[in-house]
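Trainee: Please construct the entire structure, taking both the sequences and the accompanying hints into account.
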Amino acid sequence: MTGTLPHDPYNIIITGVGGQGNVLASRLLANMFVRMGHKVTIGETFGMSQRGGPVMSHIRVSSQGAWSPQIPRAKADLVVALEPAEAIRVLADYGNPGTTSVVNMRPIYPVGVLSGEAEYPAPEKVREVVTALSGRAYFLDATAEAVKLGNPILSNIIMVGAVAGLNALPVDTELFAEAIRQSMPASRVEANLRALAIGEALVT
Amino acid sequence: MSTDVMREEGVEVLLMGNEAMARGALEAGVQVAAAYPGTPSSEIIETLARQAETGRLYVEWSTNEKVALEVAAAASFAGLRSLCVMKQNGVNVASDFLLHLGGSGTRGGLVLVTCDDPGALSSVNEGESRHFARLLEIPLLEPGDFQEAKDMVRWAFSLSEEIRNVVMVRSVTRMSHASGNVVLGPLPPRGPKAHFDFSGPPTDPDRGMIISVPVVEKHRGQQAKLHMAQARFEESPFNTYSGPEHPELLLITSSACYLYSREALSLLGVEDRVGLLKMGTTWPLPTEFMTRQLRRADRVLVVEEVIAFLEERVKVLAAEQARRVGIKTFYGKSDGQIPSVGELNPDLVMAAVGRILGVEVPALPAPYQDALRAAAGLAPKRELTFCPGCPHRASFWCINDALRRDDRDGFVCGDIGCYSMATLNPATGYRTTQTLHSMGSGTGLASGFGKLASFGLDQPVLAVCGDSTFYHAVVPALINAVHQESEMTLVILDNCGTAMTGFQSHPGSDVNAQGAPSPVVDAAAVCRAIGAQVVVTDPFDFLETRETLNRLMEEGGVKVLILRQPCALSPEKKGTKDFHMHVETDLCRGDTCGCNRLCTRVFRCPGLIWDEGTGRAEIDEVICVGCGVCADICPADAIVRGEVVRS
Chain A
94 MTGTLPHDPY
104 NIIITGVGGQ
114 GNVLASRLLA
124 NMFVRMGHKV
134 TIGETFGMSQ
144 RGGPVMSHIR
154 VSSQGAWSPQ
164 IPRAKADLVV
174 ALEPAEAIRV
184 LADYGNPGTT
194 SVVNMRPIYP
204 VGVLSGEAEY
214 PAPEKVREVV
224 TALSGRAYFL
234 DATAEAVKLG
244 NPILSNIIMV
254 GAVAGLNALP
264 VDTELFAEAI
274 RQSMPASRVE
284 ANLRALAIGE
294 ALVT
Chain B
137 MSTDVMREEG
147 VEVLLMGNEA
157 MARGALEAGV
167 QVAAAYPGTP
177 SSEIIETLAR
187 QAETGRLYVE
197 WSTNEKVALE
207 VAAAASFAGL
217 RSLCVMKQNG
227 VNVASDFLLH
237 LGGSGTRGGL
247 VLVTCDDPGA
257 LSSVNEGESR
267 HFARLLEIPL
277 LEPGDFQEAK
287 DMVRWAFSLS
297 EEIRNVVMVR
307 SVTRMSHASG
317 NVVLGPLPPR
327 GPKAHFDFSG
337 PPTDPDRGMI
347 ISVPVVEKHR
357 GQQAKLHMAQ
367 ARFEESPFNT
377 YSGPEHPELL
387 LITSSACYLY
397 SREALSLLGV
407 EDRVGLLKMG
417 TTWPLPTEFM
427 TRQLRRADRV
437 LVVEEVIAFL
447 EERVKVLAAE
457 QARRVGIKTF
467 YGKSDGQIPS
477 VGELNPDLVM
487 AAVGRILGVE
497 VPALPAPYQD
507 ALRAAAGLAP
517 KRELTFCPGC
527 PHRASFWCIN
537 DALRRDDRDG
547 FVCGDIGCYS
557 MATLNPATGY
567 RTTQTLHSMG
577 SGTGLASGFG
587 KLASFGLDQP
597 VLAVCGDSTF
607 YHAVVPALIN
617 AVHQESEMTL
627 VILDNCGTAM
637 TGFQSHPGSD
647 VNAQGAPSPV
657 VDAAAVCRAI
667 GAQVVVTDPF
677 DFLETRETLN
687 RLMEEGGVKV
697 LILRQPCALS
707 PEKKGTKDFH
717 MHVETDLCRG
727 DTCGCNRLCT
737 RVFRCPGLIW
747 DEGTGRAEID
757 EVICVGCGVC
767 ADICPADAIV
777 RGEVVRS
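Protein chains in written order, with the numbering used here: chain A, 94 to 297; chain B, 137 to 783.
It is worth saying that the hints were derived from the structure and are not from the lab. Misleading hints may appear alongside valid ones.
[Said to hold, decoys possible] Straight line, CA to CA, 27 Å or less: simulated BS3-like cross-link-like pairs of lysine-lysine: (1) B:Lys451 x B:Lys464; (2) A:Lys218 x B:Lys710; (3) A:Lys241 x B:Lys713.
Mentor: Here you go:
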């Protein structure tokens, strides 16, 4: 096994909105951990969720075995939010004073906000609340970077790249790249590898 | 998604619970697999379908769950190992055949995998399939982790062949849709040749006819099979105990709740006080094994989803064995320690164990709790909605408009699919469907409403259904409506696939589950043959669709309007744009328009946003899929379809 975990299990939540590539990002990250020799449990909330609802992947990395596919409350070590309001939602349930948060600041507005029935928090408020609920917090414009790469969906891989750059837990980007190569058509590999490198550079 | 399902024996890979169960079936040498899609069960068949090209197995998406079980049973009768898969409410659909199948018995191993959805994460019910195992007297297994999901399905085939009856394996969303490490086992050589042998006397289980009569005799035989399974369960490695020899509390659990319970005990630090009994064989419970376990402690907590199935069986067993196990205090759903609705998690189990033992649940530091209070309510609710570019949004826009123009208080009976969201306000700015039950029920209800004119009902009656639902359960209801001379209009929301569950094929598709070309059963032709008037329109053409619907509502008899437009997530549409949409800010009159923000308040496509700064509508380039439909709803013509510039 390569790299010792800071906690066992080490609990990661990747959160976002249906359609942001949350499930793919979590599978790729989890596959990398398995290649590193860890035991991984993933719990995913999807199904109806591709219709614009919140999507959460709970990833539990351990040297031991299977854990609950739902992370207990207040037990997230790392929160990767593909959408800012989802960062607040997840931290409210799973955050603790030691949580590391990485947030893509591009909002996707719920229909209630678009119709004027609900309010979306201002970017400064998001930063303030996420900082207060995290030990360390990073705010990125991953979608803008992904659009520069030609496809906004790549923000998911940029965010995973950021996880690699953080050094919050041992990550092997070469094994991650291998997971990308194995699970995607060749035409998409190059852009995804670039997204990975961009994300890593954004936090270092 | 995983490419690891077919790797070699001995390799440890990350598999989704559904993939693990599919691998278990392959390791058992399954030759036929049939199912109707339904979340969270669909990936089992999808995984197997990818192996069908090897020619070792046949896989199909059947018209509905009852037919799927019949197809799987036929393979079993011909001596093959076969698998049938469905979500919880699918068992209701299949239950009539299942009742008789339990009585007749099987030949080749036949395993029924049911995937329940505690908390209804993607269902409109949280029904339990486990009760069918008891009701219909067939053995029930429940895997407690991912390795077991694979191993248990493999073993279920052997058990089925040994007792000559169908065996049920019950999963839940947090098992089927969760993933974990699994060590793969060997794949067997090719299975036997299919042959249905009926050459023997009627009572010969191997060579006679396969029927459930004489009923009482067959029923007796079925119960003997259940006792054989129970005897196997006494020694089953799927039932495990961990903890002290004589704990203060014995926690009995199954399925995903095992993982919740194990973690709860660890978080509370009470593993030396509480014994954890994980049951994999939950019906019928092995009497001697359970008696030994129950003797460990006077206090027993049962943790399970959703209703008290295991809890009640344990209580019955404890009563029967009262002399041997002594008097117990039970905790669980009946005394409210464990919720009897919704899904569980480690925190709910931790709270229950904490209360019973008088142990405090660890809390977060006070300053962090203050920060949590300050953050409360800041994240706006994210309601489910139709996807950007979804044909259903356009269809319901037309239906709603037609009902308004008709102005006779007409209503729509809803059905099961993404379009169920038309019962909710957030998906569109209005509620369109007024009833919502099981698949096909919208049309059955409309058939009934449409006969109430003689009692004074003078409202136009409409029903909606999806294309896959049409084949699944609508056809008999439509036949009824025509034959009974009901007055109703059925709108088939044809998005060209079983879209909600991941775009599986159905009888109207030109490919089958294995990806091979397949004859199309044309829904319009079926409706015409039944005797209904049929019109097909494109819901993206608002004017024609609305006027057609208004005309049909004026006419008598049974009418069918097929609204055909592929799902926005369909493989042919995904990632492509027909138009580059933009808002002419000079033309958008904002709040002075008088349209009351029709685009963002009523149409509610997530691709349309409202810029509070300028007070004008805008297109969110990242979200918009360029279907172009919103251009037709803007009274000021401010939303414009532009040409897509291809790079």
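Trainee: Could you run down the list of hints and mark each one as holding or not?
Mentor: Status of each hint after checking the structure:
no. : hint                : in the structure
1   : B:Lys451 x B:Lys464 : 9 Å, holds
2   : A:Lys218 x B:Lys710 : 35 Å, violated
3   : A:Lys241 x B:Lys713 : 19 Å, holds
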